[in-house]
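Peer 1: Okay, here's what each chain looks like letter by letter:
Number of protein chains: 4
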Amino acid sequence: MIHAGIVGASGYSGVETTRLLLRRNDVSLDAASASSSAGKRLDAIAPEFAGRTGIVLEEFTPSHFTDLDVVFVALPSGEGMKVVPTLLGGKARVIDLGGDFRLQSTEAYQQYYKLQHTAPGFLPQAVYGLPEIHRNAIAGARLVSNPGCYAMSAILALLPALTDGLVQEQGIVITSGSGTSGAGRKATADYSFSELNENVKAYKVVSHQHTPEIESVLSEAAGTDVCVSFVPHLLPMTRGIYTTIHATLKKPVSREEVLGRYCAFYQKAPFVRVRHDVPQIASVTRTNYCDIGIAVQERTHHLILMSVIDNLVKGAAGQAVQNMNIMFGLPEELGLQA
Amino acid sequence: MIHAGIVGASGYSGVETTRLLLRRNDVSLDAASASSSAGKRLDAIAPEFAGRTGIVLEEFTPSHFTDLDVVFVALPSGEGMKVVPTLLGGKARVIDLGGDFRLQSTEAYQQYYKLQHTAPGFLPQAVYGLPEIHRNAIAGARLVSNPGCYAMSAILALLPALTDGLVQEQGIVITSGSGTSGAGRKATADYSFSELNENVKAYKVVSHQHTPEIESVLSEAAGTDVCVSFVPHLLPMTRGIYTTIHATLKKPVSREEVLGRYCAFYQKAPFVRVRHDVPQIASVTRTNYCDIGIAVQERTHHLILMSVIDNLVKGAAGQAVQNMNIMFGLPEELGLQA
Amino acid sequence: MIHAGIVGASGYSGVETTRLLLRRNDVSLDAASASSSAGKRLDAIAPEFAGRTGIVLEEFTPSHFTDLDVVFVALPSGEGMKVVPTLLGGKARVIDLGGDFRLQSTEAYQQYYKLQHTAPGFLPQAVYGLPEIHRNAIAGARLVSNPGCYAMSAILALLPALTDGLVQEQGIVITSGSGTSGAGRKATADYSFSELNENVKAYKVVSHQHTPEIESVLSEAAGTDVCVSFVPHLLPMTRGIYTTIHATLKKPVSREEVLGRYCAFYQKAPFVRVRHDVPQIASVTRTNYCDIGIAVQERTHHLILMSVIDNLVKGAAGQAVQNMNIMFGLPEELGLQA
Amino acid sequence: MIHAGIVGASGYSGVETTRLLLRRNDVSLDAASASSSAGKRLDAIAPEFAGRTGIVLEEFTPSHFTDLDVVFVALPSGEGMKVVPTLLGGKARVIDLGGDFRLQSTEAYQQYYKLQHTAPGFLPQAVYGLPEIHRNAIAGARLVSNPGCYAMSAILALLPALTDGLVQEQGIVITSGSGTSGAGRKATADYSFSELNENVKAYKVVSHQHTPEIESVLSEAAGTDVCVSFVPHLLPMTRGIYTTIHATLKKPVSREEVLGRYCAFYQKAPFVRVRHDVPQIASVTRTNYCDIGIAVQERTHHLILMSVIDNLVKGAAGQAVQNMNIMFGLPEELGLQA
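Residue numbers (the working numbering), protein chains in the order written: chain A, 1 to 338; chain B, 339 to 676; chain C, 677 to 1014; chain D, 1015 to 1352.
Everything labelled a hint here was simulated from the structure, so no lab data went into it. This one's a predicted model, so the numbers in the text were calculated from it and none came from an experiment. By construction, the Cβ of each residue, glycine as well, lies at the ideal position given by its N, Cα and C atoms. Be a bit skeptical, because a hint or two may be false.
Calculated pairs, DSSO-like style, for lysine-lysine (alpha carbon to alpha carbon, straight line, at most 30 Å) [to be verified]: (1) K1264/D - K1282/D; (2) K251/A - K1265/D; (3) K606/B - K204/A; (4) K204/A - K251/A; (5) K1054/D - K790/C; (6) K880/C - K589/B; (7) K1264/D - K1128/D; (8) K589/B - K758/C; (9) K1128/D - K880/C; (10) K758/C - K880/C; (11) K588/B - K767/C; (12) K1218/D - K204/A; (13) K927/C - K944/C.
Over the 12 Å line for every Cβ pair with chain D, so calculated as not near, a few chain C residues [as the list claims (entries may be wrong)]: (14) D706; (15) P738; (16) D866; (17) S870; (18) G1005.
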């Protein structure tokens, strides 16, 4: 039995992680904190849990977590770095769903997150939790930094092309649209139904914090500096990310050739599906899949990639559980199918 | 030229009133207050107004409003009664879009609004702004109390049946669903897109404040006490109210007979359309129409009525402008078509 | 291993049944027919199944189904009665998700379904598949008739009150709103996104085919004729049914008393949750739960009941799998949690 | 009085054109055809028109249209070229909302529309109806070809940058998302609410027919060949297009400099608003505005442009009416404000 805890259990990522853990017979959810709702039952915050769990949310108390086998930290960026050092002082292994340990560069962190990093000493041991490239490191990690949701969709789409040197590393254009749950549980008029329904808006147009994450991971894969432009949009739906990418082909290549390389690259990745048709979000809703579609436009020398994920599953909680499975030597798909 | 002002111009009803007044060549919008946004341009709050008005929102300053011809008060219930007495101390005529002057009974007000009424002396002169029954009184009123949105949809549907004595006055069941804009500009997680999309929820199940308003207006029309049960629901859309009503027929009557009476009753009401088919919200979106549908169920002796309005137009700003037209001797439809 | 088949696997109920069966290690999906898509892979119709099943849809061929252990018939009403007699001629047990075997009265069937019943000889052995009242009969049935989605939500809400004689059996008013998936995979302009988004419309106002089903099941429970008025509405969402009911109390009773009786009544029903708050659809989306809320309005002598289900799960495929579990002596909840 | 007719009045563009013409006192809508609904009243197809027009749809009969002052052709591409020659044989001036006369090249037409052009002799007189570049030609035209909706949003965003030589003419990446009404009144399962809600999908990824239209119009403005990649997406909303564009700056320039040039360029365009913030669709819904936002990303040398329109107004019917105003010497904004 794996003894697990969740810090930040009342946010959308925390609730989704809870949902996935409650399915499991081999995991016991022993502690769940949520400072804003401490003392309340989880099923008062997330009424879908009625009759399924009696967990009471608590203030974060280190001693309730440090002896667990694994702790999921589902806090906003800036909050995770306050508790991770404490947790790592105990015996627990930690999976951080926030952004605090995704960038090795504290300068980039400060520039994009507008925060001073307070736990830089823990960055070297943080393993970026993308099994498609770091499966072995994840298996042995004390601290896994779960990828950002937009970053996940962009990286998985570009990884084979950049690893194989099919496209130029500069001038890559990434346009994404996300469901509103990606912003978390928001109590502002801007995120109200009346404002977002029948509406679309770009945001953080040249400043989104997933930009350096995408570039850093892809540069490692490409063996050279990768430079991208990334523009996210808020769409009138709850879940899902659609990412459309333009990269310039180094030399002409057929769509079939690219499809073949992508299928080979992801042959052992249980949750990446290379599609022969155009991907759509509904195919991955409430699943841990990332679906990738491919087009080649000879006229403009572009490789066009499209990828879809559920931002709360493959983009957050599902990936975190997949990482847990790897860390504990379990089958990677356990509890994540259907 | 009618010189007009809006108190509470940044809320949804205020914005919609502004939109309707900006269409007019015969109305000049001279003052607009919004305490939470004082000092900001209106088009910073409502970006659709860019290039159409340079109005700057101000703190409510009585002297800027008291000399106008008409002031629309678009404040939350409880706030209107703080400014209306001041306005009536000047020369302005007032149309209150909130709930403070809809109930003549301060006891009912206190019970349903959970507030002590602070301006009961002004209730006697408040004319309930439903032209279909009070057109003449509205024409001469200093203070018009604009109907509640749910109340509007229920009253217009039931008015002919109760006036003509077709249905029993007791045991009337009213079920409504509303778009989210009816709740105003909400900065709470409960009203976020992620919570309301793909969701429906009843609320204020036996305690909604439009209940006594419906009963009071209909009792006056019926000449006897009318008693209703009213259950509102929040629906995943921005605009519109759908109201479905069951009333028990006093004696058998055909659908054609009822249709005939309804058409006759509303012959001179330019914004009520008695339909031969089933009404739908999309037919009235962004219009000042109320569409009414009728079914007779012999088996259960029920008259079933369905009505639809746009909660921000016929349920708020459009009705307010219709009332202004009547108050100033203008054609009732002016500026409200299309 | 239970060998299962699905007739009509490409519709929404068929797809949802497939989804639930693919989760199971103890069920093998051996045959799936869909005449309109025969020859296509299921994952071409429902791309979410990519990588999860290679099932190819076939024309309905009796011999591929008659030797299976269980066959789910997920055809439109009127089509089920064409294949069920054939299936029952073999050894398969049958769960019909359509409406053909829900009404024992062929007159009522003809009146409400506008079809002549062609297999009346099979009605006597059809067990209405609501475990909360027929668990034992379901366990032994050859033919289980799965409840209609609206009927399910209304019956579960009213069952305790009518069984215990709390409310009058006449004059019950049922108003429901459903997501669009309840209409099936529709290829008409009326069901297009552009027509249904930001729209609500009542339909089949005094003629919906679930009316006699509700009355028949509840009359059996009440021991006397129950008469209801039922008005369904189409709402701008994909999944879920919200049902709000007014019934007249025979004598005054407190909300706590009613809550207590409901909790007792459903003590052994794993998928019915009696709530102390107001139910909302999001709590049951993609689950097999039915959540029920209760209000008592002394002023009008009404018991007000609210219930929510996912129309494709508890209202169709989930209930069908729950019935299969009971028929095969398995734990009722198997494969239906989370 | 302008005597007007609409061919194809039952589609979304035709209905929207009708809505705009019904507002006008100076335009008389004398004829409306819709072959699929001939003999029906328009308000049976579009129930929002109840009480506002008694127009009966007819089969297209040339003699009912050829003597009118102006005819709007709102037919699917491929159908317009069948009636336009006939109309031009009479005295009517024609505004074609379809795609048949947008491309001067019949080869490009055949490649992208998959149709042989049957009226190439009328292409030379077709004026592309974008007042921002062809105002004078529109004023004198017999045949105006109204721009495509996506093309409109992309062209208006890029026009100043390419006219002023700010960006490279090659490698421009255009990503758009559209509401579902852009596809017209669709009777296919693919466009049903259940399929499109909570979903996003790219389509016609390297083959959308607005691609050559964008390139052709922009090449004319730039004085050299412009080459773009265009990927459209279907979004879960009814109205609106969001277009995000990446173009490479020829030399460094500040955002303020670009804003200044854009404001100057569109100084006399009453319906183009250059914004200092990020545009959103809700600001232009049901209006004839195109809002444009600008970002400069020094790091990647990109000029990033965002534009929003209502696809049925500025992207179709509103632009058509704006063109009519110009053709008849009326103020360009007449009947199009608010």
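Peer 1: The structure should be examined with respect to each hint, and the outcome stated for every one.
Peer 2: Hints, verified against the model:
Taken as a hint, the K1264/D and K1282/D pair is honoured in the structure, with Cα atoms around 27 Å apart against an allowance of 30 Å. Restraint check: the Cα-Cα separation between K251/A and K1265/D comes to about 27 Å, which is no more than 30 Å; the hinted pair holds. Among the hinted pairs, K606/B with K204/A is inconsistent with the structure: their alpha-carbon atoms are about 53 Å apart, more than 30 Å. For the hint linking K204/A to K251/A, the alpha-carbon distance of about 33 Å lies beyond 30 Å, and the restraint is violated.
A threshold of 30 Å between alpha carbons decides the hint, and for K1054/D with K790/C the separation of about 27 Å falls inside it, so the pair holds. Taken as a hint, the K880/C and K589/B pair is honoured in the structure, with Cα atoms around 24 Å apart against an allowance of 30 Å. Annotation: proposed proximity of K1264/D to K1128/D is violated, straight-line Cα distance about 36 Å (limit 30 Å). Between the alpha carbons of K589/B and K758/C the distance comes to roughly 44 Å, so the proposed pair goes past 30 Å and is violated.
With a C-alpha separation of about 42 Å, the suggested pairing of K1128/D with K880/C is violated against the 30 Å cut-off. Proximity of K758/C to K880/C is assessed by CA-CA distance (about 25 Å); at most 30 Å being required, the pair is judged to hold. As the CA atoms of K588/B and K767/C are separated by approximately 56 Å, the hinted pair breaks the 30 Å bound. The hinted pair formed by K1218/D and K204/A meets the criterion: a straight-line CA distance of about 28 Å does not exceed 30 Å.
Only pairs whose Cα atoms come within 30 Å are accepted, and K927/C paired with K944/C is accepted, the gap being roughly 27 Å. For D706/C, the non-interface assignment is confirmed: its Cβ lies about 27 Å from the closest Cβ of chain D, beyond the 12 Å cut-off. Against chain D, the non-interface label of P738/C holds: every CB pair exceeds 12 Å, the least being about 28 Å. Distance check for D866/C against chain D: the nearest CB is about 8 Å away, which does not clear 12 Å, and the non-interface claim fails.
The non-interface label for S870/C is inconsistent with chain D: the shortest C-beta to C-beta separation is roughly 5 Å, within 12 Å. Every beta carbon of chain D lies more than 12 Å from that of G1005/C, the smallest distance being close to 35 Å; the non-interface claim holds.
In the structure shown, a violation is registered for the earlier hints numbered 3, 4, 7, 8, 9, 11, 16, 17, in ascending order.
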